[in-house]
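Work the whole structure out from these sequences, hints included.
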Amino acid sequence: MDVKKINELFSKELKVINMGLDSFADNLRKEEVEVLHMGWKPPAGGSKRLIALLEKLDR
Amino acid sequence: MRANIEEVNQEAVSRIQRAKPELIDVSIAGETIPGMKRNMILHAGPPVTWENMCGPMKGAVIGGLILEGLAKNRQEAEALAASGDILFEPCHHHSSVGPMAGVVTWSMPVWVVENKTFGNRAYCTLNEGLGKVLRYGAFSDQVLARLRWMAEDLAPALKKAISRHGPIDMKSLIAQALQMGDEGHNRNRAGTSLFIREIAPDLVMLDESREQIARILTFIHGNDHFFLNLSMPSCKCTVDAAASLEGSSVVTTMARNGTEFGIRVSGLGDRWFTGPAGIVEGLYLAGFSAKDAARDIGDSVITETAGIGGFAMAAAPAIVKFVGGSASDAIRYTRQMYEITVAENDAYRIPTLDFRGTPTGIDLLRVVETGILPAINTGIAHKEPGIGMVGAGLVHPPENCFHDALEAFAKRYGE
Amino acid sequence: MKKILVRENAYYDSVILMLATKALKQRSGIKEAVVAMGTEVNLGLLREIGLLSGEVESAKPNDLVIAIEAETEEAAEEACRIAEEILKKKDHGGGEEGYCPVSLDGALKMFPEANLVVISVPGPYAGREARRALNKGLHVMIFSDHVPVEEEVELKEMALERGLLLMGPDCGTAILNGKPLCFANVVRRGHIGLVAASGSGLQEVCCCIDRMGGGISQAIGTGGRDLQERRVRGRMMLMGIEALSQDPETQVIVVLSKPPSEEVVATVLSKLKDAGKPCVVHFLGRKPSGTRGSVRFSGNMEEAAAMAVAFSKGEEYREGCGTLSEAEIARRVEAEVNPMASEQKYLRGLFAGGTLATEAVALFEQEGFKILSNVRKEPGIALQSPHRSERHAIVDMGDDVFTLGRPHPMIDPSLREERIAKEAADPETALLLLDVVLGYGAHEDPCGPLGESIGKAKAQVAGRGGYLSVIASITGTEKDFQNMAEQKKKLEAAGCLVMPSNYQAALTALHVMRKVTARWM
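Residue numbers (our numbering), protein chains in the order written: chain Y, 150 to 208; chain X, 2 to 416; chain E, -18 to 502.
No wet-lab data here; the hints were simulated from the structure.
Hints are supplied without guarantee of correctness; some may be wrong.
[As the list claims (entries may be wrong)] So the derived list for chain Y, only partly shown, Cβ under 8 angstroms to chain E, looks like this:
1) 154
2) 156
3) 158
4) 164
5) 165
6) 167
7) 169
8) 170
9) 176
10) 180
11) 182
12) 187
13) 190
14) 191
15) 194
16) 206
Built from N, CA and C at the ideal position, the CB exists for glycine as well.
Structure follows, in structure tokens:
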């Protein structure tokens, strides 16, 4: 079980990408964590059909 | 599978980056455009029949037929066009591009731009000017007279001047223009100025009279969009080198004919995916409004396809008022375009974004996934033929083009 | 008078939509209001309440729908305007600094140094995003729940292969490098590392550690299913333990979880033994079973904290961590029970934290009380309806059945306020046992509304000639933004007995209930 990267993370500064609720990003900023909040929305307009097509190409 | 597609896309974009478009000649359409015929009329956008053409395109076709002497007047031209004896084909099927109606006929002079790296060429007519011109569907005697002057006086002089000058590095001119407030589609004033600067010394040394040369320079000077017909074939031959790459999801063509908007994807070859051409959202010249507008039309969206135009919006402050009113709006659109493209342009850079390269290489998969459609800066034509430009603004392709293309792409390359 | 609007391609997250819906419903003249995305489920809901018009029928999942039924046209118009205003505050995308990328690729282009992705998007999409993030070599925290277990297994396999953290799905709490993530408290930095399969449990233990003078090196969440689901097999728990073993800053390891299968227990204990550091294990609801070398078992969460703090100081752990003397406890219990009416005989526990509820249930059961609850599904223990308390009941109000379409009780106290009123109306209710969770993610002033509703409840019972005992604990630290001291004052002002930990609150409640039961024997 290789946990080197996890221990590396412990020794570095957290740099966070926040995907979802923006309050989480706001709170991180209050704690002086560098965070980029995404404007996430369901992929392909939420269309299951299109997501399935994209998945076909993803794997 | 996605990893392989990414690799091939990198190759496609690499080809786009390595393009070296050079203006090498002015020639006659019939003598230089591959596959051109005397009874053939090229037009902008994906394939369309005479019956389905919009007003401005029909007007341009009528003008073209009269210009070629195939019809004497409007009625004859319309009858001929409907007869089946005239072949209508997209400019794109003949390595060409045309702004607005984009009509090209046999005897019209065309720019010849060669992609030095790969040897492929692209062609485009010379820009007639603004207002009542053929590309907006006007076909009056005045329009035809101007076209004849362009063929008999303007083009031959420019041909000789270019020959004297040697090939003109279009990539360099476009790159400079982008740093001077142009974006290469809807704003071309700097490009036009740079072109005159480049060609003037050679024009002046020709045998043509001073009056003739002055008339030529005045003509170019009076038309801010003169450079558009140069940036378009430059972009065309740039992107063509990335076409038909097996497995690539890079979009290599976007074009509209006033009725439909069409795209083509590298890994899907020549196949068109079309949807209804959109209504442009923008500002109108005094006296005009949205109810006067023609649907989105022209091959000029080849500029966005190559990473300039709407994709370099942040470089053009003058465009800003057409797309929402604040500089941050223009920057926001450009930032969105980075999300749907594969790379950042090596040559074309945006000063306000710290000289970051423009978003280049539109990726079909990213477009569908993010729901972000390519942003296009364009002029708005009047829906009646022959009136001209009535405004400018922002438009997006119909999303079904990309959905249909994804379906085909997944069918072909998905497991 | 119906007014229905569709705004194309305008996505908003569930929290803001619920807030907007709530704001509209509260307005006078509004009979019904829905502010939601045009998903199939929501369109079905609109159809059921008669608000599905022609335009809305073709709405897509990324389209916003505002549907209002009002008494007058003006009320409907005004409500629409209010909704748009609320949503506008959330609109991003203006200006350079404001640009919020839509794709992970786009985000990484803007922020290539990122090392952690926190995902709180709807469950059906979370797995896909997590996969992308892992493929890009990023550590991941998935706050979202309702991620299919097959996806969780696949994701944890990927994380294992790549040596990356995958905290979750359904991981509400973590503290990495001293920084609170999602729902978490601000705690002292120190040398105790935790790996927990429970959010509120992790919060409780960390806050107790802070209160006792200790500090946290790392607090890793594994998500609720990590040790429970046969197929997941505790993968992230094991990785977390390994990482803490290797972490020079961590001197004591604490493991917290509901009791896993024997097989998983064995692997976890084996890993802990190899850690070469003192370890404390707390399996909720299980009494400690001695020690296994360097691994000690605790009997409750506060004890787990106390053991960890003692070990981190190199001291021996001494039992008995109550801060009140036996005499003092007896005195308080007298004061609570004496004024009660004879019909009052039942305990009603209303919890926002699932693990905190579980701890209370475990204690009462260990001491011979029969408890009905929704924290377990076995017949005889499960409440017939979680919405209605029967006999001695302890309710986890963060359960799905309560939070569908409503914010979690940690975010919005109104859910519990309604229930408190219900319990107060029941003449057989003797005691309310509550938890309050502070910290990031929680309501900014939970004890304000809670204190008020406690006051009302007590007044109602007093009006009937009885006395409602209310006992609570506050999971938090004085560093949390809600101002813990102020929050405690508000509860005490309402007549609530506030204990320093969830365990002590449950223990005190137990003493009260013993006396209550003895009264009518």
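Evaluation of the provided hints:
no.	hint	verdict
1	154	5 angstroms, holds
2	156	5 angstroms, holds
3	158	6 angstroms, holds
4	164	5 angstroms, holds
5	165	5 angstroms, holds
6	167	5 angstroms, holds
7	169	3 angstroms, holds
8	170	5 angstroms, holds
9	176	4 angstroms, holds
10	180	5 angstroms, holds
11	182	5 angstroms, holds
12	187	5 angstroms, holds
13	190	3 angstroms, holds
14	191	6 angstroms, holds
15	194	4 angstroms, holds
16	206	13 angstroms, violated
Checked against the numbered hints above, the structure violates only hint 16.
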